[in-house]
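Quick note, the sequences are listed as chains L and V, same order. For the record, in the first sequence the residue sitting at position 280 is 281 according to my numbering, with numbers rising by one throughout. For the record, in the second sequence the residue sitting at position 312 is 313 according to my numbering, with numbers rising by one throughout.
Hints are computed from structural coordinates only; laboratory data are not their basis. Heads up, some of the hints might be wrong.
Copies of one chain are not kept apart here, so a pair can be met inside one copy or by any two copies together.
[Claimed, not checked] DSSO-like mimics (lysine-lysine), calculated; alpha carbons at most 27 Å apart, straight line:
1. Lys533 to Lys43
2. Lys51 to Lys401
3. Lys383 to Lys341
4. Lys439 to Lys293
5. Lys337 to Lys367
6. Lys270 to Lys521
7. Lys401 to Lys479
8. Lys337 to Lys471
9. Lys368 to Lys311
10. Lys85 to Lys541
11. Lys439 to Lys337
12. Lys439 to Lys533
13. Lys433 to Lys311
14. Lys479 to Lys521
15. Lys533 to Lys337
16. Lys119 to Lys337
17. Lys471 to Lys541
18. Lys142 to Lys341
19. Lys337 to Lys401
What follows is each chain in one-letter form.
There are 2 protein chains.
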Amino acid sequence: MSKKRFIKLYRGENRMAEKIVVIGGVAAGTKTAAKIKRENSKAEVVIITKDAHISYAGCGLPYYIGGVIEEERELVVKTPEDFKLVTGIDVFTKHEAVKINKEEKNVEVKDLTTEEMKIFPYDKLILATGATPFVPPIEGKNLSGVFSVRTVSDALKIREMVDNGAVKKAVVVGGGFIGLEVAENLHERGIGVALVELIDHILPPFDEEVALYAQNYMCEEGINIYTREKVLSLVGDEKVKKVVTDKREIEADLVIMSVGVRPNINIAKEIGVEIGVTGAIAVNEHMETNIKDIYAVGDCAEHVNLVTGKPAWYPMGSTANKMGRVAGINIGSEGKDTLKGVLGTTVVKLFKLNAAKTGLSERDAKKAGFEVETALVPANDKAHYYPGYREIITKLIVDKNTHRVLGAQVVGEGVVDKPIDIIATAITFDAKVEDLEKLDLAYAPPFSMAMSSTIVAASVLTNKLTGRVKGIGPIALKNRLSELQIVDTRDEGSFMIGTIPGAINIPSGEIYMRADELDKEKETVLVCKLGKNAYLAYIKLKELGFEDIKILDGGMNAYPFERE
Amino acid sequence: MSKKRFIKLYRGENRMAEKIVVIGGVAAGTKTAAKIKRENSKAEVVIITKDAHISYAGCGLPYYIGGVIEEERELVVKTPEDFKLVTGIDVFTKHEAVKINKEEKNVEVKDLTTEEMKIFPYDKLILATGATPFVPPIEGKNLSGVFSVRTVSDALKIREMVDNGAVKKAVVVGGGFIGLEVAENLHERGIGVALVELIDHILPPFDEEVALYAQNYMCEEGINIYTREKVLSLVGDEKVKKVVTDKREIEADLVIMSVGVRPNINIAKEIGVEIGVTGAIAVNEHMETNIKDIYAVGDCAEHVNLVTGKPAWYPMGSTANKMGRVAGINIGSEGKDTLKGVLGTTVVKLFKLNAAKTGLSERDAKKAGFEVETALVPANDKAHYYPGYREIITKLIVDKNTHRVLGAQVVGEGVVDKPIDIIATAITFDAKVEDLEKLDLAYAPPFSMAMSSTIVAASVLTNKLTGRVKGIGPIALKNRLSELQIVDTRDEGSFMIGTIPGAINIPSGEIYMRADELDKEKETVLVCKLGKNAYLAYIKLKELGFEDIKILDGGMNAYPFERE
Numbered sequence: 002m003s004k005k006r007f008i009k010l011y012r013g014e015n016r017m018a019e020k021i022v023v024i025g026g027v028a029a030g031t032k033t034a035a036k037i038k039r040e041n042s043k044a045e046v047v048i049i050t051k052d053a054h055i056s057y058a059g060c061g062l063p064y065y066i067g068g069v070i071e072e073e074r075e076l077v078v079k080t081p082e083d084f085k086l087v088t089g090i091d092v093f094t095k096h097e098a099v100k101i102n103k104e105e106k107n108v109e110v111k112d113l114t115t116e117e118m119k120i121f122p123y124d125k126l127i128l129a130t131g132a133t134p135f136v137p138p139i140e141g142k143n144l145s146g147v148f149s150v151r152t153v154s155d156a157l158k159i160r161e162m163v164d165n166g167a168v169k170k171a172v173v174v175g176g177g178f179i180g181l182e183v184a185e186n187l188h189e190r191g192i193g194v195a196l197v198e199l200i201d202h203i204l205p206p207f208d209e210e211v212a213l214y215a216q217n218y219m220c221e222e223g224i225n226i227y228t229r230e231k232v233l234s235l236v237g238d239e240k241v242k243k244v245v246t247d248k249r250e251i252e253a254d255l256v257i258m259s260v261g262v263r264p265n266i267n268i269a270k271e272i273g274v275e276i277g278v279t280g281a282i283a284v285n286e287h288m289e290t291n292i293k294d295i296y297a298v299g300d301c302a303e304h305v306n307l308v309t310g311k312p313a314w315y316p317m318g319s320t321a322n323k324m325g326r327v328a329g330i331n332i333g334s335e336g337k338d339t340l341k342g343v344l345g346t347t348v349v350k351l352f353k354l355n356a357a358k359t360g361l362s363e364r365d366a367k368k369a370g371f372e373v374e375t376a377l378v379p380a381n382d383k384a385h386y387y388p389g390y391r392e393i394i395t396k397l398i399v400d401k402n403t404h405r406v407l408g409a410q411v412v413g414e415g416v417v418d419k420p421i422d423i424i425a426t427a428i429t430f431d432a433k434v435e436d437l438e439k440l441d442l443a444y445a446p447p448f449s450m451a452m453s454s455t456i457v458a459a460s461v462l463t464n465k466l467t468g469r470v471k472g473i474g475p476i477a478l479k480n481r482l483s484e485l486q487i488v489d490t491r492d493e494g495s496f497m498i499g500t501i502p503g504a505i506n507i508p509s510g511e512i513y514m515r516a517d518e519l520d521k522e523k524e525t526v527l528v529c530k531l532g533k534n535a536y537l538a539y540i541k542l543k544e545l546g547f548e549d550i551k552i553l554d555g556g557m558n559a560y561p562f563e564r565e
Numbered sequence: 002m003s004k005k006r007f008i009k010l011y012r013g014e015n016r017m018a019e020k021i022v023v024i025g026g027v028a029a030g031t032k033t034a035a036k037i038k039r040e041n042s043k044a045e046v047v048i049i050t051k052d053a054h055i056s057y058a059g060c061g062l063p064y065y066i067g068g069v070i071e072e073e074r075e076l077v078v079k080t081p082e083d084f085k086l087v088t089g090i091d092v093f094t095k096h097e098a099v100k101i102n103k104e105e106k107n108v109e110v111k112d113l114t115t116e117e118m119k120i121f122p123y124d125k126l127i128l129a130t131g132a133t134p135f136v137p138p139i140e141g142k143n144l145s146g147v148f149s150v151r152t153v154s155d156a157l158k159i160r161e162m163v164d165n166g167a168v169k170k171a172v173v174v175g176g177g178f179i180g181l182e183v184a185e186n187l188h189e190r191g192i193g194v195a196l197v198e199l200i201d202h203i204l205p206p207f208d209e210e211v212a213l214y215a216q217n218y219m220c221e222e223g224i225n226i227y228t229r230e231k232v233l234s235l236v237g238d239e240k241v242k243k244v245v246t247d248k249r250e251i252e253a254d255l256v257i258m259s260v261g262v263r264p265n266i267n268i269a270k271e272i273g274v275e276i277g278v279t280g281a282i283a284v285n286e287h288m289e290t291n292i293k294d295i296y297a298v299g300d301c302a303e304h305v306n307l308v309t310g311k312p313a314w315y316p317m318g319s320t321a322n323k324m325g326r327v328a329g330i331n332i333g334s335e336g337k338d339t340l341k342g343v344l345g346t347t348v349v350k351l352f353k354l355n356a357a358k359t360g361l362s363e364r365d366a367k368k369a370g371f372e373v374e375t376a377l378v379p380a381n382d383k384a385h386y387y388p389g390y391r392e393i394i395t396k397l398i399v400d401k402n403t404h405r406v407l408g409a410q411v412v413g414e415g416v417v418d419k420p421i422d423i424i425a426t427a428i429t430f431d432a433k434v435e436d437l438e439k440l441d442l443a444y445a446p447p448f449s450m451a452m453s454s455t456i457v458a459a460s461v462l463t464n465k466l467t468g469r470v471k472g473i474g475p476i477a478l479k480n481r482l483s484e485l486q487i488v489d490t491r492d493e494g495s496f497m498i499g500t501i502p503g504a505i506n507i508p509s510g511e512i513y514m515r516a517d518e519l520d521k522e523k524e525t526v527l528v529c530k531l532g533k534n535a536y537l538a539y540i541k542l543k544e545l546g547f548e549d550i551k552i553l554d555g556g557m558n559a560y561p562f563e564r565e
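One chain only, chain L, in its complex shape (with noise of 0.2 Å):
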């Protein structure tokens, strides 16, 4: 069958008219297609996408399986009747745009419907084809039972296995942000949820130690996690029965693959847009990809890291839409909007518990060279008296010379979005930690301390910065521990309850009295339940001659402690 026979011209209303193509219809293209109409409603903007839904909740589907979000129309921000009564914008769900012609300046799409093939010509063409999940290639991968969860048409199929009672083991493969909202939201919906991840801990984005706080909480609400750990295969005869991996097999009615996402980058690859080294469509900062009158946005696109001013992929809904609003208003008006770049930050709810970052890990910063410093400091998110105030950790991460924060992560019960917002703009305008200590921020004792987490976050900072402490990380302690005297100058009864394996009980008011007791020459690490009794132990220690002294960043609650 050739094609050609079939081809149609899609001419719209008016032959005169701009034409604007955009080929994707989830966050970035139906942004870009409606900014551009608001700024030249003379346009003629069509919107070309496989999919059956438009504008629809991508965040949202993990909800939606759980029953958080109840109906499915909730999720769907517009119908594409909706869309083009609203915007003046002509939708076409399932059609699949299978080649550009540069030269001529057209689409060839195909209607999967009547597999008719039609033609869109276009003045300006904005590439907003998103990100598929990756699976990797094992046996079994399509089995019944084994899902993505990236359309709204992924959620409906699962949200129905469930519904009917079909799944009463769960398998999640990927510790990632979705991987992990779809674990808690099965759990919630009553199955028991298993979770493989193949490296060290979960949230591979976060450092250790933050992301093995929320790891060891996941673990006490019910998910087994298992990390370090190779899925390879899955196993069952067309419904999927169990996972195979390097360790073990689980049983499984339902498994969620989630080990990541690629950007689609095939039809622009094909006609020489020039992609990125994180494999996405390279992008200036106006949104103009290497060829003229080709734009691309969303999760195709790449970004750049503001922190390091290098390329960076992060496919996220926040982006999508401030990149479609510079793609609108450059072609919509010729203007010359930019978006600079991003931080990468991203927050997850996992039952109770709140995980952020912006900007580097640690990690990260170290692997693009910089020389850091870092502070892990437990805090409340309210006053101390006001009934209901949580816990939350903040890391802070910053360039040891020239002291600009390069990153952060909060994670606790309490509010972590507040302050990796906070920190995500002071990083936006490279802030040093010492601006950071001195932000004038909103207190009232239902919304904050006195001194804000932030605040007391950066002043830990900058004392080990001056000098005035030494640390030594939650990981790095539990490595060495045989070779450490560790002080615990917490009060009997809480040393009593449980300590860090090894240590001696000696409370900051005692130390004066009772530092004979201690071994001079050995490295000691003083720890309490959040830093501030280590600290006062260690003036009076520092005062009292003792040189090697470091107390434990983030106190006890940040301790990767075993479980039972």
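Based on these hints, arrange chain V on the given structure of chain L.
Same frame as chain L, now just chain V:
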């Protein structure tokens, strides 16, 4: 009785140690003292305070009255004994500093229990004398049942009256934060509460439309609010019975005077410490006064407003702590730490409504000589499909010429402290509104919209600055109702339920077809719920040649409808 005969010299434990005297023992005083001692453990630090308590949670007092904070001990961060044990600092409670001898470098102190006089020599003196509620000189102000809310003792007495059932009706005089918080907490205890405010609206630092939003909310919750009303006298014999204003008499068993605080500067003024234009003690960025070795911190000291660069006075616990740390570092280790200024960032919870502010209000910005543009933009605090999302309204104030962000106010049932802290951080770094639009903030449905409220507000303001759209404020609209052609662009159902007086209804989808119902020559205002439909209609009417059109800033929810 001659003072001299009773004077004792306080020598401390070590005559050779550097002697530090701190006058005042709440937030700034204790923070400074503790930081000095940590920096220089050999220093002898004493705190002198009139109060019976130190280091108490002043901002928690309204919540103690309401029983949200149950126990008195939760209000007191540290007892003097605990404080001494942990820090090594001697605290003299119920001791009043009566005179500073700057030449001899000592302070004359009266023991309020024994009436004995004591002399405290100092090498460095820190004034942390705080502020005192201003009570206007009206008749009856000394009646029983009339209180300010500043100290733990005040709160204890009020709580006791409430607990004993002695209060049926209360009047709060003053619509600032403390007054409103006390009003809420009394109301929650089942007491009938009226609030009297001298100016046009409660929340004096806020702009009128934002303040009125909060005011209507408080009224709906059952607080009787009387604005533009002056309290003339309090009436009763021994116990207060009613409040007489210039418009009415209000029965009351309890009167809370909360019309503001004044810095305690007398002891400083007497020896020639410079008082700033705000009436508080002038300090440089190191917290030094004009007199060598005398510092001032906390509510008695003046600040610099980071936006105007001019003196300002914001008596707040968060600022007090920062000033204390800076002074502590500079005194304790001869550092040169600085606090360049503050933004007056504040937040208050009023029942389920939250209101926050940073930087300049529109009114203050104009007063400071800025030509301003503003946006008033409703948005949700979380994804609209995630259960529990709430509306907030963001007001942004920017310099029309430079686009620099000057201030912001956020009000609503949703999260307001996060956006205000983001904007406060941005203002600290001289952000332009275009910078706000591009911030990479944390997004996940339980925490934010994909386009966060701050980004949406910045986009609307950018649209106004670039001339894409013109707006009219809700107060201005209300004042000009009869002159304007008002078009409600919502659907007919919403229009029927209620609209702006005089508005006609043309849903934005029908505006092309029905534009001829409008008078093209007349100044036209488009209104809708949030502003989006009005914006779409605006674009279409512009296309049709309408010139004098505006949209209602903040949408219907920000319009100050009359209460029935």
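Okay, the hints, checked on the actual structure:
Within a single copy, Lys533 and Lys43 get their C-alpha atoms only as close as 64 Å, which misses the 27 Å cut-off; across copies the closest is 19 Å, which meets it. In this assembly of identical chains, Lys51 and Lys401 lie within 27 Å of each other by CA distance neither inside one copy nor across copies; the values are 49 Å within and 44 Å between. Proximity of Lys383 and Lys341 under a CA criterion of 27 Å is satisfied inter-copy only: 26 Å between copies versus 34 Å inside one chain copy. When the C-alpha separation of Lys439 and Lys293 is checked against a cutoff of 27 Å, the pair qualifies only between copies, where the shortest distance is 25 Å, while the shortest distance within a copy is 46 Å.
In the homo-oligomer, the alpha carbons of Lys337 and Lys367 never lie at most 27 Å apart, since the shortest distance is 35 Å inside one protomer and 31 Å across protomers. Proximity of Lys270 and Lys521 under a CA criterion of 27 Å is satisfied in neither setting, with 65 Å inside one chain copy and 51 Å between copies. Taking CA atoms no more than 27 Å apart as the test, Lys401 paired with Lys479 passes inside one copy only; the shortest distance there is 24 Å, against 56 Å between copies. In this assembly of identical chains, Lys337 and Lys471 lie within 27 Å of each other by CA distance solely across copies; the values are 22 Å between and 48 Å within a copy.
In the homo-oligomer, the alpha carbons of Lys368 and Lys311 lie at most 27 Å apart inside one protomer (13 Å), although the nearest pairing across protomers, at 44 Å, exceeds that limit. In the homo-oligomer, the alpha carbons of Lys85 and Lys541 lie at most 27 Å apart only across protomers (15 Å), although the nearest pairing inside one protomer, at 71 Å, exceeds that limit. Proximity of Lys439 and Lys337 under a CA criterion of 27 Å is satisfied inter-copy only: 14 Å between copies versus 35 Å inside one chain copy. In this assembly of identical chains, the alpha carbons of Lys439 and Lys533 lie at most 27 Å apart only when taken from the same copy (20 Å versus 37 Å across copies).
Taking the closest pair of Cα atoms, Lys433 and Lys311 come within 27 Å of each other both inside a single copy (20 Å) and across two copies (24 Å). Within a single copy, Lys479 and Lys521 get their C-alpha atoms as close as 21 Å, which meets the 27 Å cut-off; across copies the closest is 76 Å, which misses it. Proximity of Lys533 and Lys337 under a CA criterion of 27 Å is satisfied inter-copy only: 24 Å between copies versus 51 Å inside one chain copy. For the identical chains of this complex, Lys119 and Lys337 are neighbours neither inside a copy (33 Å) nor across copies (71 Å), given an alpha-carbon limit of 27 Å.
Taking CA atoms no more than 27 Å apart as the test, Lys471 paired with Lys541 passes inside one copy only; the shortest distance there is 14 Å, against 64 Å between copies. When the C-alpha separation of Lys142 and Lys341 is checked against a cutoff of 27 Å, the pair qualifies neither within a copy, at 39 Å, nor between copies, at 60 Å. Only between protomers do Lys337 and Lys401 lie at most 27 Å apart by alpha-carbon distance; the minimum there is 20 Å, versus 36 Å within a single protomer.
In terms of the numbered hints stated before, the structure departs from hints 2, 5, 6, 16 and 18, listed from lowest to highest.
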